[in-house]
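Peer 1: Given these sequences and hints, build the entire structure.
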Amino acid sequence: MGLSARRLAEQGKILPLGEIVSAVRANVPGDHLETELEYDDGRLVYEFKILRAGGRIQEVEVDAATGRIIKIEDDD
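Counting from 158, one number per residue, gives the positions in the sequence shown under the working numbering.
By construction, these hints were calculated from the structure, which means they are not laboratory data.
Among the hints, a few may not be true.
[Stated by the list, open to error] No farther apart than 30 Å at their CA atoms in a straight line, the calculated lysine-lysine pairs in the BS3-like style are these: (1) Lys228 to Lys170; (2) Lys206 to Lys170; (3) Lys228 to Lys206.
A quick note: this is a predicted structure, and the numbers were derived from the prediction, not measured.
Peer 2: The following block contains the structure:
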């Protein structure tokens, strides 16, 4: 079953992607490469891949309902 971010946001189950992108950019500067919406430990999370200065790629997980950054780690 595919997740429709737009439908979930319209239903108030998650925050709109635009709000979350703004929060991620404010906390993790770099080029936004990719975003996925998925279930992780029973909750919906946005997973961002960000290209940081120096060529390092970091993965940022954000709670889709609250916009809180859950973790930031280097992408292997």
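Peer 1: Confirm or reject each hint.
Peer 2: Going through the hints against the structure:
Taking the CA atoms of lysine 228 and lysine 170, the gap is near 21 Å; set against the 30 Å cutoff, the hint holds. Note on lysine 206 and lysine 170: the hinted pairing holds, with a Cα-Cα distance of about 23 Å set against a maximum of 30 Å. The suggested pairing of lysine 228 with lysine 206 holds, with an alpha-carbon distance near 12 Å, which does not exceed 30 Å.
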